Structure formats: structure tokens, C-alpha cells
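Enquirer: Chains A and B are the protein sequences, given in the same order. All residue numbers for the first sequence refer to the numbering used here, where the first residue is 1 and numbers rise by one. All residue numbers for the second sequence refer to the numbering used here, where the first residue is 1 and numbers rise by one.
Simulated from the structure, these hints should not be mistaken for lab results. One thing to keep in mind: the hints can contain errors.
Straight line, CA to CA, 35 Å or less: simulated DSBU-like cross-link-like pairs of lysine-lysine [claimed, not checked]:
#1 A:Lys167 <-> A:Lys447
#2 A:Lys473 <-> A:Lys279
#3 B:Lys44 <-> A:Lys473
#4 A:Lys412 <-> A:Lys427
#5 B:Lys93 <-> A:Lys501
#6 A:Lys334 <-> B:Lys93
#7 A:Lys356 <-> B:Lys93
#8 A:Lys315 <-> A:Lys427
#9 B:Lys262 <-> B:Lys93
#10 B:Lys44 <-> A:Lys246
#11 B:Lys44 <-> A:Lys278
#12 B:Lys83 <-> B:Lys93
#13 B:Lys331 <-> A:Lys279
#14 A:Lys93 <-> A:Lys246
#15 A:Lys161 <-> A:Lys315
#16 A:Lys427 <-> A:Lys93
#17 A:Lys149 <-> A:Lys279
#18 A:Lys167 <-> A:Lys147
#19 A:Lys166 <-> A:Lys412
#20 A:Lys473 <-> A:Lys93
#21 A:Lys356 <-> A:Lys166
None of these values were measured; they are calculated from a predicted model.
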Amino acid sequence: MARSTWRGLIVLGLLALSWFLASTVVMADDVSRSIAPPTSTTRHSKFHILDGPFESGREVTRACLTCHTEAANQVRRSVHWTWEYKSADSDEKKGKLHLLNTFCGTVSTNMSLCTSCHVGYGWQEPGNDSVVDEQVDCLVCHEQTRKYKKYNYGSAVLKYKDRVLKKPDFPSMAHSVTRPTRWNCGFCHFYGGSGDGAKHGDLDSSLFDPNHQLDVHMDAAGLNFDCVTCHTANDHAITGSRYDMKAQDPIGVDRPGHTDATRSSCASCHGNAPHGDKKINDHTDRVACQTCHIPRMARGGVGTMVFWDWRTAGKRAGDLEPPEAFEREGHTSKMMHTKYSDSHGTSWWAENLVPKFAWFDGRIRYLDIKQTVDGSELVRINRILGTPGNPAARIWPFKNTLAMMPYDPVNKIMIANHLIRNAPEDKEAFEASFDWRRSAAVGMKAKGLPFSGEVAFVEAVMSFPLTHMVAPKGEALSCLECHRDGGRLEGLEGVYLPGRKNFPLLYAIGIGAVVVTLIGIFIHAAIRGLMAWGRH
Amino acid sequence: MEENRQLLFSRYERFWHWSQALLIIALMVTGFHVTGLLQWLDYKLAAQWHRYFAWSLICLWTFTIFWHLITGEWRQYIPSTEKMLEVIYYYSKGIFDPNLQHPFKVTRRLKHNPLQRLTYLVLSVVISPMLWISGLLFFYYNEWDQLGIPNLWLSGVAAVHVAMAFAMVCFFCLHVYMVFLGKPATAQLKAMLTGYRVEDIRLDADREYTVMLVEDDSDFARMIQEWFETNGVNETDRILPVRVTMVCIETLHEAVKYLNNKSVDLILLDLDLPDSRGVETLRSVMSVIRDEPVLVLTGEEDENLQSMIIREGAQEFLIKENLDRHHLLRKGRFAMERQWFLRQ
Numbered sequence: 001m002a003r004s005t006w007r008g009l010i011v012l013g014l015l016a017l018s019w020f021l022a023s024t025v026v027m028a029d030d031v032s033r034s035i036a037p038p039t040s041t042t043r044h045s046k047f048h049i050l051d052g053p054f055e056s057g058r059e060v061t062r063a064c065l066t067c068h069t070e071a072a073n074q075v076r077r078s079v080h081w082t083w084e085y086k087s088a089d090s091d092e093k094k095g096k097l098h099l100l101n102t103f104c105g106t107v108s109t110n111m112s113l114c115t116s117c118h119v120g121y122g123w124q125e126p127g128n129d130s131v132v133d134e135q136v137d138c139l140v141c142h143e144q145t146r147k148y149k150k151y152n153y154g155s156a157v158l159k160y161k162d163r164v165l166k167k168p169d170f171p172s173m174a175h176s177v178t179r180p181t182r183w184n185c186g187f188c189h190f191y192g193g194s195g196d197g198a199k200h201g202d203l204d205s206s207l208f209d210p211n212h213q214l215d216v217h218m219d220a221a222g223l224n225f226d227c228v229t230c231h232t233a234n235d236h237a238i239t240g241s242r243y244d245m246k247a248q249d250p251i252g253v254d255r256p257g258h259t260d261a262t263r264s265s266c267a268s269c270h271g272n273a274p275h276g277d278k279k280i281n282d283h284t285d286r287v288a289c290q291t292c293h294i295p296r297m298a299r300g301g302v303g304t305m306v307f308w309d310w311r312t313a314g315k316r317a318g319d320l321e322p323p324e325a326f327e328r329e330g331h332t333s334k335m336m337h338t339k340y341s342d343s344h345g346t347s348w349w350a351e352n353l354v355p356k357f358a359w360f361d362g363r364i365r366y367l368d369i370k371q372t373v374d375g376s377e378l379v380r381i382n383r384i385l386g387t388p389g390n391p392a393a394r395i396w397p398f399k400n401t402l403a404m405m406p407y408d409p410v411n412k413i414m415i416a417n418h419l420i421r422n423a424p425e426d427k428e429a430f431e432a433s434f435d436w437r438r439s440a441a442v443g444m445k446a447k448g449l450p451f452s453g454e455v456a457f458v459e460a461v462m463s464f465p466l467t468h469m470v471a472p473k474g475e476a477l478s479c480l481e482c483h484r485d486g487g488r489l490e491g492l493e494g495v496y497l498p499g500r501k502n503f504p505l506l507y508a509i510g511i512g513a514v515v516v517t518l519i520g521i522f523i524h525a526a527i528r529g530l531m532a533w534g535r536h
Numbered sequence: 001m002e003e004n005r006q007l008l009f010s011r012y013e014r015f016w017h018w019s020q021a022l023l024i025i026a027l028m029v030t031g032f033h034v035t036g037l038l039q040w041l042d043y044k045l046a047a048q049w050h051r052y053f054a055w056s057l058i059c060l061w062t063f064t065i066f067w068h069l070i071t072g073e074w075r076q077y078i079p080s081t082e083k084m085l086e087v088i089y090y091y092s093k094g095i096f097d098p099n100l101q102h103p104f105k106v107t108r109r110l111k112h113n114p115l116q117r118l119t120y121l122v123l124s125v126v127i128s129p130m131l132w133i134s135g136l137l138f139f140y141y142n143e144w145d146q147l148g149i150p151n152l153w154l155s156g157v158a159a160v161h162v163a164m165a166f167a168m169v170c171f172f173c174l175h176v177y178m179v180f181l182g183k184p185a186t187a188q189l190k191a192m193l194t195g196y197r198v199e200d201i202r203l204d205a206d207r208e209y210t211v212m213l214v215e216d217d218s219d220f221a222r223m224i225q226e227w228f229e230t231n232g233v234n235e236t237d238r239i240l241p242v243r244v245t246m247v248c249i250e251t252l253h254e255a256v257k258y259l260n261n262k263s264v265d266l267i268l269l270d271l272d273l274p275d276s277r278g279v280e281t282l283r284s285v286m287s288v289i290r291d292e293p294v295l296v297l298t299g300e301e302d303e304n305l306q307s308m309i310i311r312e313g314a315q316e317f318l319i320k321e322n323l324d325r326h327h328l329l330r331k332g333r334f335a336m337e338r339q340w341f342l343r344q
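Make a model of the complete structure from these sequences and hints.
Expert: Below you can see the structure in the form of C-alpha cells.
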């Protein structure tokens, strides 16, 4: 008996031990730390055709195209050129050219400045046949001197009337070209929406040279990823656009030739079960990687804009009262700093913000500028689509940018404002006239929209999915950030989240039953004690 | 001191019981962290260990179910109504009387009183399986599709788990309290720790015992009464380990009347009474008592009578002439102890 019992105990112990080991073993970190950019067989500094002299960017492009014969054609079909995107799942036309935003409102009525981020020399509407290949700007994405700069209408040469004020050193830039680096992409993408960090919350100049703490992948002393390490491209079409997002990547690890040939998802390197703990992996079918691994936005020391108040524009004095919306968004004015300019009004900026969370299946619907808006309601410039039941949807973090934007209270439509001068002579732009009626009239006319002559302001919000500035794994959210009452996902419907007070009635009954049991025990024990004492 | 060490719980049972107890306590503590009702530990740690403990308990249970099947110990959990009412009466009333013993005497073969059987049965066929099933469903939530489990309502599964967990907490509280309901209070705890139940067959020192003397010779009766009542006055002269009250009765008629209403612990019976003689007296008494031990006092050395006395169910006969105090009290004590044993 004793012997068999001991044998049983040993087997039991071994079993328990094996369970324990199996469940705690941490999978080896399968992301190698030695990912180097591919080396090229070509050194452009040895090409004499790039020696110049070049009078304009177009001449540089002409030289590029002598070898890269298809490049310009490819670029002209890409979103970087067309600024127009047609979704596969709807007729909606997206892209900068068409959409409203919570910053300057519209791109298309402010083209002179906005096109300084266009990959071309001189803006032409898409479909314009007069566009020639050499209008494509190769240098902006490929040169590595970091001195290349673009001016109005995408020009690389700064002119006043016909006088050349600034001309870049084209030959040295042409000789420096490589695959695009962070400096090329960041030159535009880190400064969108009016300045450094304004737009996205997870893209700003701190990512030019980030440390491990800020971004584990782009860490300059570590993996040192470029943007295109993940945003892979075929034929100059960059993958991973916000207009064509996938909230999940069911394909998992990307194997060239076998999968979708993009690494613009976490799963394309890490797979869909990247954690050592099964239960944490069980989250990946509902929770986006970003939700836990981007604990806060604007973590690099550069603030992101959270509120743009156009009401104060032109008034030479900023309204420094924090807007009521901050309370709803969970912001406090202590986290903020403000900027004011006559032509742009007041903006509020903050760092290290907790994101907002929503179910997201990859689809974002945008407000059509022709749609009527009710001035008493918050205007959603874009809507994040996704329902908890949709297997393609994930809980995803967002940055919300709020704005008090101009709208036409009579026609009840948003105003496409003409803010930026087309040319020095342009007196109608808001930055010249400081008159909403004049600038709005021009903007609305350009858009072919009716304008009553009245301008009022309406609160608007626009959401940007967060996916950059991935923190080291030790900084990923702890369970309690969500698994408690009042946690980050408070109010998010359609998910059973242990740790919230999910069954208040059941808890009350359960605790009541335990308390009644204990009282019963106490009374019973007391009577026993009294009776025994009474006998003595 | 005479003791009887009786093995109640084998080594495996004790290992099972105590490791299960620790695992259940750990599961309760970590589990209520997962629900958010406790917040002393880190959530991830609590959730992780809740799973490790659960798997360990599943291992333990697999072995234990196997053990119960091969040893036949599973029969301990078959519901029984034997002495059910007595046990209920005992827990609700008799337990407060320090003189009363538990009506159910635990043995190796019958470890559980009928209430325990019922409780443990409910625990092992309702509460535990529901905890396991809901817990495993919750653990394998992401695999429901692959496992062919219909799409249940996850928060419903969780609610069942939490409800059963509360039931388990209530059981746990009651169980811990009832461990100390033995007489003495730590007896059951000791048994579960050592495996042995120390049966103290010296009789219950806390109780007052009633000895009935049926004797018409008042001098003799007074002498016997004195013998019993001086027992223990002097600590060195303590033959009976208990306090004794004497009930002295002179006729069979009165004795029968008394015994019809009340029970006593020992009957000292003289066969020759004014209203009855010989074996008939014993027969009359035996017909009204339940199982009280009877010592017959007789003046005659009659072997035939003596064997008849034993046959009729008396424990022993004592010759009055040979009687001394020490002898009588020892015989009285053994008779009561023997009777206690026979009751088992």
C-alpha cells in the first residue's frame, strides 16, 4: 500500500511539474536582432549622368529615368502621386484630394502649400494628360543628404517671381540616392497636419533617431528599421495605407512568394501567436497588438495636436479656456500646451496620451463634404467601422483630434476654406484677408459647393489608428489596465472582460451567501461556547 | 489511560485531502482576483497561477477518481438515510450539549455520516463538475470552433463559474468550522493530519453517568451507593473515570416504569425483588431497555442460573458475598465501555 502510494505520488509530482514547465516556458524571441537593410549592387555616386549640372528637379528625374524606365509610370499610379484612393469595398473616393480633415479642413482648396508634400514638381489634377514623366520627384523619397526641401507646388527650387532664391545641390543629392529611409518618409509624414507630430500621435520627428524605449523596431542603436522595412513596396506602391487597412492579418508570418508580400502588419513577422503564454495569445483574435504594445501616444517628447480651435483665428488673441470636449476625451489642460497664430487660431498639444479604443475591421468611412451636418452635434469627420462579432475586427487604439471647424449654418455643410495663398497676389485667402466669408466663398466655389455667406463653427472629431512607437515588451500594458472597473476599455461593448464588475447581482448574492454562512457559523460557535461554559 | 488508535484516513487520502485543500484555497484567492473582487496580487500573476493550480487539481482529481474506483472507496459517497434525522437533530440541538456524543460513529468503512455523504455528493457531482466544465470552457474559449463546441455565451459560462466559486467558498467556511465540531474540538483535525482517530474508550469524562441500582435490601443498596459516590473524591482512588449519579429502586415495577421513560448508562440488578424473582426479573428488565449494560447481582453460586443470566443478555453476574468496592466499580466501568464498543 505504502509503496504504491509513493509511486503514485512521484508520478503525480512529475505530471504536475511537467504541466508547470509546459505552461511557463517562454518561447525564444524569434525576431533576429540582425536585420540589416539590403545592400545594393549599384552605387549611384559612380553614375556620371548624375553629375549634372541640373537646373531643376525635372532634369534630375530625366537622368533617373534613363535607367529606371518604368519608375515614373509606377509612381504616377501610386497614392503618393494621385492623392486619391478608391476603396475596393465602396464607391467612396478617399485620399487627400477628396477628404475633409480636422486640421486645415481640406487639401484641395489649399494646394499651393499642401503640394509641398507631393511627390511631383507642379501639381496637376489626376487624369491630366499633360503630365509628363519627368514631373515625378525621385529625390524627395530617395536622396540621403537630408538637405532636400520642397516649396509651394512641390518645387525643389525656391523662386520669387522669376528670380531663383534657393536651389539645392542636385548632383550631390542625385549621387546619394538609396532605398528610402526614415528621413525621406518622415520629411512629410512626421509633419502632417500643420507641424511636427500634429496629425498622427504616433509619427513625429522623434522617430528620425529613436531609442529602444520609443520604438523597439526603429531603435537607431538596435534593429534600426526604416519605414519601408515594414511598408514594403511593389512597383512603387507602398503597402500599409490608412485608406486600405487590415485590422488583422490572418495570413501571419510573411513568406515571400507565399503570402500577400507585405510586412506592414505585426503578424507578418511575429505571427498570430507571438506570446509564450497561451492566454495572452488568446487575445490576438480580439485585441490588436497595438492596443497593448503602444501604451501611450506621442511618447517621444514631441506633442501631438488634440484640439484645433478655428474660432480664434484672425482675432489676434487665443482663447485659452480648455474646451469642454477635453473632459469627454479624458484630457486635462495640465497635460497641454497651446499655440496661437492669427491665421490658424489656437491649437492644443499634448504628450503621452492614453489612446481611445474602438472595434475596428479596417474600414474607415469619411464624411462627404456635401453631406449636411447638424450644428448642434459633434461632426464625425471619419467613422471607424467594426463590430465585436466580426472576425476581422479588433479592438484598436486611436488618436482623436478635435476641432472647432467652420461650417455654413444656412446650407448646413462643412466649409472648404481657402486658407493659403495660391500666389503672392492672392488677397482672398484667409491668411491674407483674415475674413472667413471671403476665404470660404473662394473655397466653396472651387469645390462647386453652395455658400450662404454665413460662417459658424461646429465641433468635429477625426480618429487616426495608432500603429507606430511600439514600446519594449516590458512596457506593454499590464492586464489590470483593462481587466478592472474603469479600465482602458471601459464602455467598450461586445466583449466579456474578466476583472470588470460583470455580474453585480451575482457578486452581491455570492458575497451575501458567504456572509450568512459566516454569521451562522459564528452564532453556532457562540452557542456551543456558552453551553460548554454554562456546564462548568 | 486506555486508547484505541483507529486508522481512518490512508496516506493517499491525507495527501489528496491536504493538497486539494491548498489548491482550492489558492484557486479561491487567485480566482477572485480574476473576477476583480480581490486586488492584492498582480492580475497576470493571479490569472496565470489560477490556471496552474487548476491544472494541478485536475491531475490530482484524475488520480483520486482512479484511486476511488480501484479501492472501492467511492461507495463512501453513496447517499444514505441511516441516522439522517438523528444527525440533523444532533447538529441543530444536541451539539450544544457537551454530554451528547455524535450519533454517528465514524469507522474506516463508514467515514461519513449521512449529511456528509450528501454534502460531498453534491460537491462532487454538482459544484466541482460545474466549476471544471465552465473553467475548461473558459480556458479553451478560443478553441470552441475547433473542438466543435456550439457557440455558448461566454459571460454565461463565466457567471456559472463565479456562482459555483461562491458555493465553494460557503462550503469551505462550513467545512473548516465543522472540522472543530468533534469532541474534543481538535479530534477530527488530528485524525485528518495523522490518519488515526484516537478513540478514548475511558468514557466521556465531561459527562455525568447514571447508574441504576435495583435492590430491595436497603443496607446493601446504601453501601453500593456509597461506593459509587465516593469514587473520585480522592484523586488516587478513581476507578470510574466519570461522575456518577445513582438511581436506587427497590421493585421491578418501579424499575420498569423508570426505564420506560429514561435511559441509564448501567443497571445493577438484584434478581430477587419483592415483586419478581430469578431470571424473570432480568427478562422483564431486558424487555424494556434498549442496550444498556446490565450487571446482575446474585447471592447464589448456581452455575445453571449463571449461564441463564448470560444467555438472557446480561453482561455479567456478580456474587454479592464476594463483592468489594474496587471490583464492582471496575466491573461497572468495563461493562459500560464494552457496551460502547458493541454499539459500534
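Enquirer: Indicate, hint by hint, whether the structure satisfies it.
Expert: Okay, the hints, checked on the actual structure:
1. A:Lys167 <-> A:Lys447: holds (34 Å)
2. A:Lys473 <-> A:Lys279: Satisfied, since the Cα-Cα distance of roughly 16 Å is no more than 35 Å.
3. B:Lys44 <-> A:Lys473: OK: B:Lys44 and A:Lys473 at ~14 Å, within 35 Å.
4. A:Lys412 <-> A:Lys427: holds (26 Å)
5. B:Lys93 <-> A:Lys501: The given pair, whose Cα atoms are some 41 Å apart, is violated under the 35 Å limit.
6. A:Lys334 <-> B:Lys93: At roughly 67 Å apart (the allowed maximum being 35 Å), B:Lys93 and A:Lys334 break the hint.
7. A:Lys356 <-> B:Lys93: Between A:Lys356 and B:Lys93 the Cα gap is close to 62 Å, so the pair fails against 35 Å, i.e. violated.
8. A:Lys315 <-> A:Lys427: holds (18 Å)
9. B:Lys262 <-> B:Lys93: holds (19 Å)
10. B:Lys44 <-> A:Lys246: holds (29 Å)
11. B:Lys44 <-> A:Lys278: holds (12 Å)
12. B:Lys83 <-> B:Lys93: Distance of about 15 Å is within 35 Å: holds.
13. B:Lys331 <-> A:Lys279: violated (71 Å)
14. A:Lys93 <-> A:Lys246: Answer holds: A:Lys93 to A:Lys246 is near 18 Å, not above 35 Å.
15. A:Lys161 <-> A:Lys315: Cα-Cα ~31 Å, so holds.
16. A:Lys427 <-> A:Lys93: With a Cα-Cα distance of about 31 Å, the restraint between A:Lys427 and A:Lys93 holds, given a limit of 35 Å.
17. A:Lys149 <-> A:Lys279: violated (49 Å)
18. A:Lys167 <-> A:Lys147: Holds - the C-alpha atoms of A:Lys147 and A:Lys167 are around 11 Å apart, at most 35 Å.
19. A:Lys166 <-> A:Lys412: Status violated; Cα separation ~45 Å.
20. A:Lys473 <-> A:Lys93: violated (38 Å)
21. A:Lys356 <-> A:Lys166: violated (44 Å)
Hints 5, 6, 7, 13, 17, 19, 20 and 21 from the earlier list are contradicted by this structure; the remaining hints agree with it.
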